[in-house]
Amino acid sequence: MSRDASKRDCIRSRSASQSMNLCRLLRRTLSQHLTQADHDAFEVEYQPVLERRQQKWEQLLAEEHDKLPERNAKIRRYIRKGIPAHLRGRVWMHYSGAEAKMDANPGVYQKFVDKAEQMGDQNEFADIIERDLHRTFPDNVQFALNNAQHPPVLEALRRVLGAFSLYSPSIGYCQSLNYIVGMLLIFLKEEEAFWALVAIVQSVLPAGVYDVTMEGSNIDQTVLMMLIFERMPHLWRKLSTAKNFWDTATDAASMPTITLVTNHWFLTLFINILPTETVLRVWDCFFYEGASVLFRIALTLFKLNEQKVMALDDSLEIFQIMQNTPKKCIQCQSLIEAAFKRFGSLTDVTHEDLERRRELCRDRRRSGHTPPPLKPRHVRKPFHAFETVSWKKSKRYPPQL
Numbered sequence: 001m002s003r004d005a006s007k008r009d010c011i012r013s014r015s016a017s018q019s020m021n022l023c024r025l026l027r028r029t030l031s032q033h034l035t036q037a038d039h040d041a042f043e044v045e046y047q048p049v050l051e052r053r054q055q056k057w058e059q060l061l062a063e064e065h066d067k068l069p070e071r072n073a074k075i076r077r078y079i080r081k082g083i084p085a086h087l088r089g090r091v092w093m094h095y096s097g098a099e100a101k102m103d104a105n106p107g108v109y110q111k112f113v114d115k116a117e118q119m120g121d122q123n124e125f126a127d128i129i130e131r132d133l134h135r136t137f138p139d140n141v142q143f144a145l146n147n148a149q150h151p152p153v154l155e156a157l158r159r160v161l162g163a164f165s166l167y168s169p170s171i172g173y174c175q176s177l178n179y180i181v182g183m184l185l186i187f188l189k190e191e192e193a194f195w196a197l198v199a200i201v202q203s204v205l206p207a208g209v210y211d212v213t214m215e216g217s218n219i220d221q222t223v224l225m226m227l228i229f230e231r232m233p234h235l236w237r238k239l240s241t242a243k244n245f246w247d248t249a250t251d252a253a254s255m256p257t258i259t260l261v262t263n264h265w266f267l268t269l270f271i272n273i274l275p276t277e278t279v280l281r282v283w284d285c286f287f288y289e290g291a292s293v294l295f296r297i298a299l300t301l302f303k304l305n306e307q308k309v310m311a312l313d314d315s316l317e318i319f320q321i322m323q324n325t326p327k328k329c330i331q332c333q334s335l336i337e338a339a340f341k342r343f344g345s346l347t348d349v350t351h352e353d354l355e356r357r358r359e360l361c362r363d364r365r366r367s368g369h370t371p372p373p374l375k376p377r378h379v380r381k382p383f384h385a386f387e388t389v390s391w392k393k394s395k396r397y398p399p400q401l
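Residue numbers are given in the UniProt record's numbering: position 319 of the sequence shown equals residue 319, and the series is strictly consecutive.
Bear in mind the hints are in silico, worked out from the structure with no lab data behind them.
Incorrect hints may appear among the rest.
Calculated cross-link-like contacts (lysine-lysine; reagent style BS3-like; alpha-carbon spacing at most 25 Å) [unchecked claim]: (1) LYS74 x LYS243; (2) LYS308 x LYS341; (3) LYS303 x LYS328; (4) LYS189 x LYS111; (5) LYS67 x LYS56; (6) LYS328 x LYS308; (7) LYS341 x LYS56; (8) LYS101 x LYS67; (9) LYS243 x LYS308; (10) LYS81 x LYS56.
Label-pair distances were calculated between CB atoms; the ranges are [as the list claims (entries may be wrong)]: (11) LYS111 x ASP247: 27 to 37 Å; (12) LEU260 x HIS234: 18 to 28 Å; (13) SER345 x ASP66: 34 to 44 Å; (14) ALA37 x GLN122: 17 to 27 Å; (15) GLU124 x GLU215: 18 to 28 Å; (16) SER334 x LYS111: 42 to 52 Å.
Where a beta carbon is used, it is the ideal one built from N, C-alpha and C, also for glycine.
Given only the sequences and the hints, what does the whole structure look like? Please build it.
Encoded structure:
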């Protein structure tokens with residue numbers, strides 16, 4: 001084993017039992033939407049699932065001589081069924097491309113940490129980062145203040161966010177990044193969390209999602225509304241006063257008000273939207289399959305709440321339904337199965353399809369004219385058929401996606 005590989009293994013050394021206990025603690029964080037009885041019932045049902053998945057993954061790694069395999073249908077299936085807690089960090093880093101970025105840039109993270117510390121308050125984002133530290137998972141024991149002292153994870157969070165604000169000046173700092181990095185730090189070491197964040201904003205998500213203009217975020221919300229208009233037209237009529245989607249697609253201000261809810265879903269990657277274990281299961285798929293997973297989950301949540309929404313006439317009540325009911329989705333396996341199997345073509349979106357729709361929305365906003373209708377969707381290829389496509393022409397979407 002190389003010195004670098006040995007060092008990486010040492011960095012990641014965290015026992016399976018420790019990680020599983022941590023995840024159990026995260027899952028049991030109570031809220032007004034889930035009771036102690038809800039958590040207890042879920043634990044009883046879910047623990048055997050975790051044990052089976054751990055055995056499957058251990059067998060897989062034994063067959064692969066402790067290496068993560070190349071992308072294929074089998075590993076995709078394993079990831080969709082859930083990654084064991086003690087392997088999550090390793091799998092996320094590998095398939096998101098974060099590990100490759102970190103290995104290719106030794107010393108870069110520490111350089112930006114040092115620069116952020118030297119700048120202090122001269123960094124325009126220092127104050128807002130400091131305020132957001134205390135808003136990050138305040139009910140989680142790892143993030144709670146102890147005798148007015150910052151716990152180690154908050155110190156790491158400050159360093160990662162400060163370094164990133166200088167590493168990526170087009171973004172600097174955007175609220176919601178604190179939650180994303182906070183979650184990453186539960187499963188990754190500090191430098192790994194930094195490069196995982198870099199991978200998310202540079203590779204996994206489209207450009208501009210967290211930029212000052214948030215154009216990428218607004219475009220994705222437009223695409224989500226387009227999908228609802230096409231695939232759930234009766235629901236669209238409840239969400240929007242416009243009969244035609246393209247009448248609302250000129251700018252973000254014209255979109256249905258429900259996008260205030262869904263935009264928050266996407267920006268936080270569903271943190272504090274779905275129960276913790278459900279978020280982690282979504283992230284497992286997200287780091288492997290990319291931004292299309294966010295659309296799948298969003299469409300699934302609308303479909304699951306379809307009857308409730310259709311029974312309402314008050315837009316505020318619809319807003320509250322879509323804001324609150326996801327917090328009750330503790331049955332993570334059911335949600336994932338609904339997103340990838342149960343609802344079939346309703347939630348089926350590919351990277352190619354999303355890019356095509358994003359470009360249509362950009363053209364609409366640039367020209368102010370309604371573009372020609374989309375051609376009928378072709379017969380969808382299985383996911384692995386897209387995994388062999390050459391991405392050499394695309395700088396935004398390298399092979400890891």
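To see whether the hints hold, each was checked on the structure:
no. : hint                        : result
1   : LYS74 x LYS243              : violated (43 Å)
2   : LYS308 x LYS341             : holds (22 Å)
3   : LYS303 x LYS328             : holds (15 Å)
4   : LYS189 x LYS111             : holds (17 Å)
5   : LYS67 x LYS56               : holds (14 Å)
6   : LYS328 x LYS308             : holds (14 Å)
7   : LYS341 x LYS56              : holds (21 Å)
8   : LYS101 x LYS67              : holds (18 Å)
9   : LYS243 x LYS308             : holds (21 Å)
10  : LYS81 x LYS56               : holds (10 Å)
11  : LYS111 x ASP247: 27 to 37 Å : violated (49 Å)
12  : LEU260 x HIS234: 18 to 28 Å : holds (22 Å)
13  : SER345 x ASP66: 34 to 44 Å  : holds (38 Å)
14  : ALA37 x GLN122: 17 to 27 Å  : violated (51 Å)
15  : GLU124 x GLU215: 18 to 28 Å : holds (21 Å)
16  : SER334 x LYS111: 42 to 52 Å : holds (45 Å)
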